[in-house]
Structure formats: structure tokens, C-alpha cells
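> Chain by chain, the residues run as shown.
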Amino acid sequence: MEFFVQLLVNGLSIGFLYALSALGFVMIFKSSSVLNFAHGELLAIGAFFFLILAASAKVPIVLCFALTLLGCFALGFIIERLFLRPLIGEALIQVIMLTVGLAAMFKGLMLFIFGGNFFKYPSFLPAALSVTWGMINVPSAYVASFIIGLFFLGLFGFFFKYSSQGIYMRAVADHQTAALSLGVHVRRVFALSWAIAAVVCAVSGIVLGIMHGVNVHELSSIGLKVFPVVILGGLDSIGGAIVGGIIIGLLETFTGGYISGSLGEVIPYIILVFILLIKPYGLFGSVEIERV
Amino acid sequence: MRKLKFRPCGNFKERYEQDIAIFETDFGRVWVWVGLVLLLSSVPFIAGSYTLYIINSIGIAAIAAIGLNILIGYTGQISLGHAAFFGVGAYAAAILATKMGFPFWLSVLAAGGIAALVGMIFGIPSVRLKHLYLCIATLAGQFIIEYVLMNWEGLTNGPAGIILPRATLFGLDISGDQSFFWVVFVCLALMCWMAVNLIRSRYGRAFIAIRDNDLAAEGMGIPIFRYKLLSFGISSFYAGFAGGLWAYYTTSITPEPFTIFLSIQYIAMIIIGGLASIPGSVFGAIFIIILNETLSRITEYIMNTGILSGIALTVAPLREFVFGLAIVLFLIFEPRGLAEVWRVVRSSFRLWPFSY
Amino acid sequence: MKKDILLQINNISVVYSDVIQILKGVSLAIGEKQIVSLLGSNGAGKTTTLRAISGLLKPENGAVTEGTIEYEGRSIQNAPPETITRLGIIQVLEGRPPFEHLTVEENLRVGTAARSGRFSKQDLDLVYHYFPPLLARKRSLAGYCSGGELQMLAIGRALMAKPRLLLLDEPSLGLAPLLVKEIFEIVGRINKEQGTTIVVVEQNASMALQLAHYGYVMENGKIVMEGAASELRENPDVKEFYLGIASSGTLKTYKDVKAYKRRKRWL
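Protein chains in written order, with numbering that gives the first Met the number 0: chain A, 0 to 291; chain B, 0 to 355; chain C, 0 to 266.
Looking at chain A on its own, in the form it has when it is part of the complex (with noise of 0.2 Å):
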């Protein structure tokens, strides 16, 4: 029963970081509809900054934190500016591999500065976080992600409902001529998404090298579990990454702790084929309206 429980409370947490890291995903995706293959390496990118930052340089860490999330940003404006604008127009395929020749340049870059090594932050969250229920005990880490979750998603729901900026995006997303035909700054949104999913990314980042250390293998690799967790959820519904996040952080948990850990990495992708056979467009993604 002990077990269960511990696999529940870690499938949980690890599932609210996947949702946490898809946020940025749908973040793109809803925006320029572009399929972002170099997530991963963006999260490592953010959890590297903050590594120099907080390790090398020995800057105070809410110092570190908002100057991560700034060189984040830029660093999203940059991408979109150099790489993706001279592909707008261009077939889906061609944005789907220029992400991905993104993601072998970072990764290759990353490794050539850091190499393959683990590396962990000095520990700055307070003991106080953590919550102990008898033999179940949850670290400050997973605590902190959660909050940090809760909070990024609140603010993500906002703002694609209810601020300006987010309609833009969304529309844009639908038909970019139209957008244009009504004065929406369409360049600027795309740099704009991408910049705000840099940040959301280097947050997530963060969070998983404070849970796990820093290593350029592993972060890039969270980027290719985003896959299931957004599709699960609908591609372009923030709840959805969510839950998506949490169904498959449980099921890879429950898989690796009952059955065997291979298993577990695989699972995920097994249950994602049968739903997307059922619900086409996931659990909660929008129905695609096409009229000849």
C-alpha cells in the first residue's frame, strides 16, 4: 500500500512537471501551429543558464531565477527571428525539420560546452516545503513544482482566454491572412510565442534539474515525452497538457514500479496510438472544421 501510494505521489509530481514542460509546446503550437522538435534542448538551455548563474557566477538565486527567465526570452526572439521567419509560408514538414536540425545544434553545442555530465544546484528551496504524511514523504522539489505548475497554468489560461495578445495568437493559429487582413502584428506574435515559451521552458527546466540534476541527455529527452503528453491532452488545450501530463506520469510510474522500467518508457507511446484511434484529436483538443 506504501508503495502505491509513494508511485502515486511520484507519477503525480512527475506528471505536473510533463504538463509543465508541454506548456510551453502548446504555447507554440497554438500560435504558429509549429511542431517544436528542439523543446527539450530549450529546456536544457534554461536549466544550464541557471546553472552558470547559480553554480558558476554564485549570483543570488531570485536573481538567477528572473535574469534565466529574461536571457530566455531574448533567446526565444532570437530563434524565431533567425530560424523561423524565413520559413513562414513554407509546408508544415519543413518547419517540423528545421526544429529538428534546431534541436541536433543545441544539443551538439550543449554537450560540446558541458559535456555528458550530471551536475546539481546548490540547494537553495526551504526544508519547510517538503510534506511528510507517515512513511510518505514529499520532497520540497516536487512541492515547488506543483505550485509553480498550478500557478503558470492559471496564468496561461488567462491569458489565452482573456487578454488581447492571446486571442491574437489564437487567431493567428486559425488563419494567418485574416489576421493580417485586420492589423494583428502576425511577426510579432510568432516572436512573442516563441519568446514566452523559451521562458516557460527555461521554468521547467529549473524545476526538473532541481528534482533530478542537470544532464543535457535527460533534459532533451523530456522533450520527446512532451509528444504524448500534448497529444493526449489535444494539441492545443492547455488543460489537457495537464491531464495529459498527469495520465501519462502515472501510467509510466505505475508501469515502471509493478512491471519492469523499459516497459514504462514505452507505455506511454502504446496508450497514445489506441487513444488517438478512439478521439482523433486527443482528449481535449479542438476539432479540426474543414470545409472543402
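Treat the hints with care, as some may be off.
Straight-line Cα separation of at most 30 Å, BS3-like style, residue types lysine-lysine; simulated pairs [said to hold, decoys possible]:
#1 C:Lys-137 to C:Lys-161
#2 A:Lys-160 to C:Lys-161
#3 A:Lys-160 to B:Lys-98
Derived from the structure by calculation, the hints contain no laboratory data.
Keeping the supplied structure of chain A fixed, place chains B and C upon it in accordance with the hints.
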């Protein structure tokens, strides 16, 4: 003897047959034959064994890339699981050869057939899935097959892999680089010929119709699900066939190479080569394989020279970086790929000195 | 006849993909607070003219290569659409593409982008005042609206930008005749009540000429005829070939059409 055709200076096609002809001029047809004969008769004697190894890898990759191009470039169904189907083919050939004692030609063909079947199974989600969702479903296929190859020890021997018998054809030993060259390139030529003719048949036209607008295609009476499955099947057949050849060529296989990274390399091949272009797939395979080999040679060289031995390990990732950079630059500067570059170069020769 | 000129197009040429010339020297003048209609057969260059004005040529890989477009004395040819919409020129696209996954009200909010996103209840009420069906559907997804509702939505979205110059591209496309009449009436009211200058591109010439004050007829990327709408309505050529009323009351043969084309060359 009929008159040789030369390229007219305008569009004078009067019949549909002229429009779908593979060679616009007899000159082109002659050139292809001459090129093929030259390739088959000279290269294996000139090239050293390392060069031959690269050329053979290119040939095998090109077969798989043509298959992927049929699926992505012509039918518009993005697949991220091509390496898995390639792996299925390799394993199928290995298992058939070792456990059932199939001869080379039969096990390679059967490898194609089995991969086609597996490909069609993973193509089933395409009934209801489109674009990105399908892309992810095939990604799932990639991971599932990878898992099966790694963990079904009874059949695949797990991480230890399988060692194949030497390949023989009509009683001749063909496992050497030189003799395998002929096998690979005759197969490649046949596969190209099949693909080119497939595309101009009703099946090919149905594929293209589905790519351009599947709802409209359905409205025109094309049973799109059947054609999508067919496209998955054909594409995986190519992959499986190439996988079978590759298994015989390397003589021992493990599940390691058939990862998502290989799938991505195949997509890179057809994008850099040119989507919806058969010669493009070949160009792409040439480009990617040579890029890979050059990069690993360079990193090897840097590692071996004593100067940089201290940071030797950290130079290797630069290979991945350059690979990514090549893809990015290609997409930004020539999104239609090498096939387009080739066309431009050719037509500027043809039209010189007046460029129109 | 025409009062203050709001928009003046001087002899523009538009080329797509660097080779395909669509407009070959088009000049127009659009008076303030007028409704001007642009008639012509398919491929005459009407939509291209509108796109040239609104800056939407670029997504189609087109550009104004010669001539100028002056809006209140300021030349705006080849300016990006963000700039042009902020000057108060809004185009309603042909085929009225909605933002399918947004609700009707959110669609309308996108219309305020040209005013940097400032919007108020009054603006929405104004749109609902002109297009009551939208009010009933304001919470439903635009993707599920009918064609007529979509057209209203498209015009309503443009109205949210408080345009001074509204460019309507084939508002009647694929709509029932009664609905077309209703929409044209509303467009007329918007012109009168809001003082919005409107350019209508139409296939439905009789409808457009009833509504408009002034009209231009385009053929093959050129303006072949212009005049007050009332004059155009009486013009025998327009009558024959756009309104479908033969002067002698008999059907016209292909030979006559050719004769007309020959005659037109002199215009």
C-alpha cells in the same frame, strides 16, 4: 528507326502520354543508360574498399529514402518511424536467414514484405489522424518497435543482436564490398524505376490528390484510407528491403542503430534532396551519408592528433551540431532541395547564353 | 462630382512572383464617405487591386512595381498591413475566412488589433446593432456559423477596427439573394451612419450599382470604364454584359460579345 526527340523550345505536348513521359527527350534516356552502365562497370574497380563502403551505404539509404519520399513527398503523410521499418526489415531478413535458412534474395524480399505489413499496421491510425497527430502516432510506432526489437529476446536476441550468414546469390558469394555494390545498385535502379512508374500511374495520381486535398480526393471517389495504407505499405516495403540489404551487408545487427535519430536522418535526406522527387531522394541520401562520414572522419582526425587529445571527448558533439546546422541552412536557403539546385544548374547549361 | 479624395491610386502595376503581371496601370480615385464599386469578370484584377491597397500582396508573393497609392496624401504602396490597417483601411477578405476555433465575440475582438487592442462594450454593441444574428451566436465557435453569419462576422470584425475605408471583397459570394440584399442594405447604412468610405468588389453588378455612388469596370488588369453608378446603370455595354439586360430585348450571341470586346479596346 524513329526520330530522336530533342527538347522543344516551348510546351508542344499534344497527348497525355507525352505529358507523363519520364524522359522528355531521347537524349535523357540515353544519358541515363550510359550513366548506369558507367557506374556499374567502372566504380567497383576504381574505388577503394572504404569508398565502396560509403557508396554502398548511400545506395541502401537511397532505397529507403525513396520509400519515405513516396509517403511524405507524394502522399503527404508525415512519418517519423521510417527507421523502425528499416529495422524491422533488417531483423526480418536476419531471422529468416538464420532460423529458417532462407536464401539471400528471398529473405530480402520477404523482409520488404514483412516491413510493409508492419508499416500498414502502423498506418492504420491514418484513417482518422492527420498532419501532426499522425506524425506523433508514427513517432509512437518508432518507440514501440524499438522496444520490441530490444526486448523480445526470443526472436531478436535482444541487445546482443544477430549474426547473419554470408550472402550468396546463384551460388556466388556476394558479401564483399565490390560484389555487394552490384547488388545494391541494380536494386536501387530497379526501385527507382518502380517508384517513377508508380507515381505516374493511377495510384501515384491518387497519392498526390490525397496530399493536395484529402477531402476533395475523397469527394472525387478515391478511397483515401485504402490508398493511405497502400502508401504506408509501399514506403515500408522500400524501407524493409533496404533494411534487409543492410543487414546482409553489415552481417551483424543490433537494435541500436534504428532509433528516432535515424528516422530524422531519413527525413533530412528527402527534405535536403527535395520533396516529391525521386532523384531528390538519391541526392539527399548522397548528401547526408557523405556529411555524416566527413564529420566523423574530421572528429576522428582531431581526436587522433595529439594537440587536442585533452578535449577529445568534447569534440564529438560538434558532429551533431554541424548536422543540425546543415539541415537548418538548407531549409532556409533552398527549401526545395538539391533536386531544385540540379534542375537550375541543368537548365542554365541548356539555356546558355540566353537565360530564358 | 466627387468630393474630397480619400484614396488615390495612380497608375499602379502589380506583379506576382516577379513574373505574372496582373495590374497594368490602374488608376482610381475614391471620394470620402462614398461607396465605390469595382466590377469586372473573374481574373480582371479586382481582388488584386484591393490587396494592393490593404498591403496583403506580400503573403501572395506580389508587389506594386510601379505607380503610387496615396491615402490622404501619404503614399502607402507596399507598406506592411500592420501600418495600413492602423491608418484605418480594413479589408474584408473574399470567402470571409473566420477564426474557426474562436467564438464569435473573440473573433470580433481580433478586429480591434488595428487599434492596438483597445475595445469597449460600445463597439461590440454597435456591431450587434447592425448584425443582430451575431448577438445570438456570440458564444458559439465561428467554425460552426452559416455562410451568412460568417459574412456578417467578417464585416463586423472589420467594423471593430473603426475603419475609415472599408474594402469588401465579394460580400455576396455564395449567399442567398435575400441575404445578399440584407447585407447590402446594412453596408449602405454603415456608410450613411458611420461615414465609412466603402469599396465593394462584386460579381453581382446590379446589386453593387444600386448601392454604390460611383463605379469602375475592370478588364484584364485595366480600368475600362468609370462613372457615377447611375450613369453606369444606363450604359448600354454595362447593361448588356454585366446586368444581363439586352437593349433590344433579345439574347446576345457570341459574335456580339466579340464585337463588344473589340469596341472596348477603344475605351
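> Work down the list of hints and note, for each, if the structure agrees.
Outcome of the hint check:
1. C:Lys-137 to C:Lys-161: With a Cα-Cα distance of about 20 Å, the restraint between Lys-137 of chain C and Lys-161 of chain C holds, given a limit of 30 Å.
2. A:Lys-160 to C:Lys-161: 23 Å, holds
3. A:Lys-160 to B:Lys-98: 61 Å, violated
The earlier numbered hint that this structure contradicts is number 3, and it is the only one.
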